[in-house]
Structures are given as C-alpha cells and as structure tokens.
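S.K.: Chains E and Z, in that order, give the protein sequences.
For what it's worth, the working numbering labels the leading residue of the first sequence as 1, then goes sequentially.
For what it's worth, the working numbering labels the leading residue of the second sequence as 1, then goes sequentially.
What the hints contain is simulated information worked out from the structure, not anything from laboratory work.
One should not assume that every hint holds.
Stated by the list, open to error - Listed next, with one range per pair, are the computed distances between beta-carbon atoms:
no.: 1; chain 1: E; residue 1: 116; chain 2: Z; residue 2: 189; range: 17 to 27 angstroms
no.: 2; chain 1: Z; residue 1: 152; chain 2: E; residue 2: 116; range: 42 to 52 angstroms
no.: 3; chain 1: Z; residue 1: 9; chain 2: E; residue 2: 127; range: 28 to 38 angstroms
Stated by the list, open to error - Over 12 angstroms on every C-beta distance to chain Z, these chain E residues come out as not near it, computed from the model:
no.: 4; residue: 24
no.: 5; residue: 43
no.: 6; residue: 48
no.: 7; residue: 78
no.: 8; residue: 80
no.: 9; residue: 85
no.: 10; residue: 126
no.: 11; residue: 187
no.: 12; residue: 204
no.: 13; residue: 210
Where is the CB? At the ideal position from N, CA and C, for every residue including glycine.
Residue-level listing of the chains:
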Amino acid sequence: MNYVLDIMGPLIQGTGVTIQVFLITLVLSVPFGLCLALLRISRFKVVSGFVNGYIWLMRGTPLMLQMLFIYFALPFVPVIGIRLPDFPSAIVAFVLNYAAYFAEIFRAGIQSIDRGQYEGARVLGLTYTQTMRRIVLPQVVKRILPPMSNETITLVKDTSLIYVLAMNDLLRAARGIVQRDFTTTPFVVAAGFYLLMTLVLTLGFQHLEKKYAVYDE
Amino acid sequence: MRSTTNSAPGPMVHAHDVHKRFGALEVLKGVALDIARGEVVAVIGPSGSGKSTFLRCLNHLETINRGRIDIEGETLVSTDARGVCHYVPDVDLRRICGKMGMVFQHFNLFPHMTVLQNVIEAPLTVKGLRRDDVIPEAEKLLRKVGLLDKRDSYPSRLSGGQKQRVAIARALAMEPDIMLFDEPTSALDPELTGEVLRTMRELAEERMTMLVVTHEMAFAREVASRVVFMDGGEILESRPSRELFASPEHPRTRAFLENML
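Turn these sequences into a full structure, and let the hints steer you where they fit.
M.R.: The following block contains the structure:
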C-alpha cells in the first residue's frame, strides 16, 4: 500500500496531462466536427466532396501516424510547414482526427431528422440557420448521445498515444515506473485511473440521456 | 388574432397555368385557381391527382416549372415570354409566404418542445416578439383549440387529433391571412377526425380564407364554400360545394364521388 502511495505522484501528474489532452481535444473538435458535418451536407458538390475526402484521410490513417507526421514531417512541407512543439502537435492531430469522427456522428444525426421538421419550420418563416439552431440540432443532440458517449470514452484511452512524442501521460508515467521498479503494480493503478475517468463520462452521458428522455419522438 | 388590415380587393390566392414536373412525371398540367377573401375551398380528387403538390407550390415548399402565383396581389412567381420561371427574391418570398399558415398531414410538431413552446417558437424567433407578449396570445389560441390544459405537455403525450389542433394553433400564432391544410385528418384514427374538423369549421366561421386538401367529403360538402375536383394534374371542376355534390358535371367527378360516398 505504501508503494502505491509512493508512485501516486507521477501517476497523478500523468493523469493531468491525459486530462488536458482529452479536454482540449473535446472542446475544439466538437465545434470543428459540427462545421465539417454542415459542410458535408452542403448542396455544393465541391464543398461536400472536399470534406468527404478529408474525413476519408483522417479516418483512413492511424492517429499515431498523423501525430508523427505533424510533429516530424510538417516542418518540411512547403508553404504550410511549421515546426510545432510536442504538446501542440498532439493537440492538432487529435483535433483533426476526432473532428472527422464527430462530423460523421453529427451528419448521421442531422440526416436522421425527418424532412417534415424542416418543412414545419419553414412554413412558420424560420430561416435555415434558425431551423438548424432551434429545431434540428437540439433534436440531434438527443439522438447522438450514445455514439458520442462511445467516442469520448475512446478519446480518453487514445490519449495514451501521445507517448510517441515522449510526453508523460498517465500510461507513459506508469510504464516508466514499471521499468524502473520491475513491478506491474503501476499498470494496475493506471488502469484504475482510466476506469475512473471513463466512469465519470459514462455517468455524465447517462445523466444527459435521462435529461433528454423528457420527450419522445 | 388574424390581421384585418389588409383589404386588397383582388383574390387572396391567384394561381395561373401552374405546371410542376418531378423528373419526367408531369404532376401539374396547368392549374388555375382564384380564392377570394373568406372563401373556404376544398380540393378533392384521387390520390396522385396533384392536389397536395399544388397546395405545396402555393407556399414554395415546391417550386413550379411554369405559371404564375400571386398571393394577396403580390407576385410570388411568374413566367416570362420565353417560358422561364422567376421567383421573387428571398426576402420577399419569405414575407409573402408568411401570409400563409400551413397544417400538414403528419403534424410536424417539434417533439423537443412543449405544446406552448411549439406555439410561441415562430413568434419569438421569426417576429422577434417578447415572451411576455407572446404567451397570453398563445394561451388564447390553445384555449380556442381546446388544449390549454396541455400547454406544458410534449407532443408525444398527445393523441393525433390533439397534435393536429396544436399544429393549427401554431400556424395561427403567426397571424396568417390564408390557411393551407394538407390532408389534415388523413393520418388520424376515424374517431379523432371530428375534433380537428370542428376546429377547422370554427376557423371557417370566423371567415378565415382556407384551402383544404381533403378526403373528408362531409367536410367538403358542409364547410367548404367551393369544391375543386382535381384528377391527373388538372382541375376538372370547380363549383360551389352544394352544386358539385348535387350534380357533378364531369364524368370523372361523378365516378370519384360515387366511389367515395
């Protein structure tokens, strides 16, 4: 038990990094994903085709590869080439990647809303923007809660990929101690930390689902 | 509730030579119809005759391929000499269509909003009115359709007939001059149509201008001042309802009515 307390310090620090990556990614990729989803359903073929290609690229290659590319290869790309430190590199990769997944969830949600809702709004005089904001998106939120719950829980665990940029997240902190002390206890403690974080998310989403259950469709 | 300031002498709705195609299928083949203020016009006819499509063309839910539509003397769409259709700019389109309220077969209530929220949504969002000013009006409308006690219920808790009455109240909240009904009772259980028709009859008695696409022959006969029979994308007969039901002129009208009654 004393040993567990001894290794808490670095593990909690690692958890801090993990939570930072998680929260920043979530806050940035949700609005970005929503924009992508709205562009994806655009009438303009060029726009939707471009977003389509973007989503294909981001979902079709490993997140780890994307992260390595942004950190190591981006500086050598002409015009847009900039050198980013490790943390921003990781954030950029995560946001670009997760926005693509969120965009598909949002798109599915938006397209699942009955055409009658748009017509009902339109004959009342609502503009497209008002219809989206007041009528469609609030209903989309309810429908996408289960897949969003999945995706955010995956994000918590995906943050462990940042170890390739030598950042000390929870998993890398645990691994460091394992290699130093020749014991697997830190892994068990780390697992507990991950479970705790995903538990908070699970309960949060359950709460939201209950809140949205006041109305049926 | 309804504005009486506008007293244009011409027809409330003027449609002329309206053509509509869905791909190769010609759904409307030159429909012409004038509706005077306070008139209640029922559109009847077999399914696929284009009645609903015509109704939806009037408030721009469908765009037409040829013809002309004026609402209260203002042009919504016209066709030039070369046969090209021109809709007025978006701002005018929105304003002109705002003169019409519409009730759908499947209600199209907003499920995430309570009954009251459904009714006040457009006055708040579209007209930018204040909540405190809108709620008394909305409650008045809900009382009128007999659903004030349901103001805080969600639509999923209502019967079909109640949903449709909320939809009528919601449309009336925007103070339209013309009400369009697209088969308002077709999705209802037979025992629930009565309450909706009663609400519509009250509206007709208040001299609301109404265009009703319907399969309810009793409503067409008793409430409508005029009945229009459509078949194959054309209006075959348009006469005062009593006359049309008593002595249909067109053989297809006769055949249709014999089938229905």
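S.K.: Please go over all the hints and tell whether each is borne out by the structure.
M.R.: Now the hints, each set against the structure:
1. E/116 with Z/189: 17 to 27 angstroms: Because 19 angstroms falls inside the window, the suggested range holds.
2. Z/152 with E/116: 42 to 52 angstroms: 23 angstroms, violated
3. Z/9 with E/127: 28 to 38 angstroms: Holds, since residue 9 of chain Z and residue 127 of chain E (Cβ atoms, about 32 angstroms apart) stay within the stated range.
4. 24: For residue 24 of chain E, whose nearest Cβ neighbour in chain Z is about 30 angstroms away, the distance exceeds 12 angstroms, so it holds.
5. 43: 14 angstroms, holds
6. 48: Fine: 22 angstroms to the nearest Cβ keeps residue 48 of chain E off the interface.
7. 78: 42 angstroms, holds
8. 80: At about 37 angstroms from chain Z, residue 80 of chain E clears the 12 angstroms cut-off, so the statement holds.
9. 85: Since the minimum Cβ distance to chain Z is about 44 angstroms, residue 85 of chain E lies beyond 12 angstroms and the statement holds.
10. 126: Not fine: 6 angstroms to the nearest Cβ puts residue 126 of chain E too close to chain Z.
11. 187: Consistent with the label, residue 187 of chain E stays out of reach of chain Z, its closest Cβ about 45 angstroms off (over 12 angstroms).
12. 204: 20 angstroms, holds
13. 210: 15 angstroms, holds
Figure legend: structure checked against the earlier numbered hints; hints not met, in rising order: 2 and 10.
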